[in-house]
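Go by the hints and put chain B onto chain F.
Each protein sequence line maps, in turn, to chains F and B. Counted the way the working numbering counts, the first sequence spans residues 1 to 118. Counted the way the working numbering counts, the second sequence spans residues 119 to 230.
If you're looking for bench data, these hints aren't it; they were derived computationally from the structure. Heads up, the beta-carbon is just placed ideally off N, CA and C, and yes, glycines get one too. Nothing false has been slipped in among the hints.
Computed footprint of chain F on chain B, listed as stretches where at least three residues anywhere in the stretch have a Cβ under 8 Å from a Cβ of chain F:
| hint | region |
| --- | --- |
| 1 | 157-165 |
| 2 | 202-213 |
Now the in silico label distances, taken between C-beta atoms and shown as ranges:
| hint | chain 1 | residue 1 | chain 2 | residue 2 | range |
| --- | --- | --- | --- | --- | --- |
| 3 | B | E135 | F | R9 | 31 to 37 Å |
| 4 | F | E69 | B | L179 | 34 to 40 Å |
| 5 | F | R114 | B | S130 | 24 to 30 Å |
| 6 | F | K57 | B | N170 | 29 to 35 Å |
| 7 | F | M27 | B | Q132 | 36 to 42 Å |
| 8 | F | L41 | B | L193 | 23 to 29 Å |
| 9 | B | R168 | F | R114 | 30 to 36 Å |
| 10 | B | S169 | F | M27 | 24 to 30 Å |
| 11 | F | I77 | B | G158 | 21 to 27 Å |
| 12 | B | T185 | F | L11 | 38 to 44 Å |
| 13 | B | R168 | F | R44 | 20 to 26 Å |
| 14 | F | F20 | B | A199 | 34 to 40 Å |
| 15 | B | S176 | F | K18 | 38 to 44 Å |
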Amino acid sequence: DVKVTQSSRYLVKRTGEKVFLECVQDMDHENMFWYRQDPGLGLRLIYFSYDVKMKEKGDIPEGYSVSREKKERFSLILESASTNQTSMYLCASSPRRGPPRFGNQPQHFGDGTRLSIL
Amino acid sequence: SQQGEEDPQALSIQEGENATMNCSYKTSINNLQWYRQNSGRGLVHLILIRSNEREKHSGRLRVTLDTSKKSSSLLITASRAADTASYFCATDPYSSASKIIFGSGTRLSIRP
Numbered sequence: 001d002v003k004v005t006q007s008s009r010y011l012v013k014r015t016g017e018k019v020f021l022e023c024v025q026d027m028d029h030e031n032m033f034w035y036r037q038d039p040g041l042g043l044r045l046i047y048f049s050y051d052v053k054m055k056e057k058g059d060i061p062e063g064y065s066v067s068r069e070k071k072e073r074f075s076l077i078l079e080s081a082s083t084n085q086t087s088m089y090l091c092a093s094s095p096r097r098g099p100p101r102f103g104n105q106p107q108h109f110g111d112g113t114r115l116s117i118l
Numbered sequence: 119s120q121q122g123e124e125d126p127q128a129l130s131i132q133e134g135e136n137a138t139m140n141c142s143y144k145t146s147i148n149n150l151q152w153y154r155q156n157s158g159r160g161l162v163h164l165i166l167i168r169s170n171e172r173e174k175h176s177g178r179l180r181v182t183l184d185t186s187k188k189s190s191s192l193l194i195t196a197s198r199a200a201d202t203a204s205y206f207c208a209t210d211p212y213s214s215a216s217k218i219i220f221g222s223g224t225r226l227s228i229r230p
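Isolated chain F (complex conformation) (with noise of 0.2 Å):
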């Protein structure tokens, strides 16, 4: 079974500090994703990569950051943090079956980190 494990389930911090969230999958997954999650607004993408030093932006890239530096490990990090990124983060992973198309496999997702910005 595919195991994404994020390092924290709850992290309380201050705004201004620098936030790091981090991701390991266990299954040799190509593609990584970060998705915030709020009450309405349903999964928002982050960041995403296909690939070990990729990175591409999602569509609320603003105030984050990634890195990507070995196959199994994807990193949030909150550069400046702010009310508004308290949220649930969530990572997910899945294979690439030919060229990078992300719809066409399941994706699998962590716990998800309840971040709280005071």
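Frame of chain F, contents of chain B only:
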């Protein structure tokens, strides 16, 4: 803007009844997926249906896809308390190879 919109937003039924959730989308797609999310947890993939398929089954789940109406439905038969969760559709639009787009979900509650 949301590609997939689930309907209803919330649904409460008696244990043993069938639950039907619908998803409508705006642009042509290659595939559509359904996911479940238990409270406070991540999403779990249920079914992927391709645009050339009309119906797919997995255990007590039945998914239909009508590309002419740009809609899909998820039917859960003989519901159980453990089916209480939020259900999301996610579309893979022709126009974008780089992401799937999630709807805002249907909250399903099963009453004992």
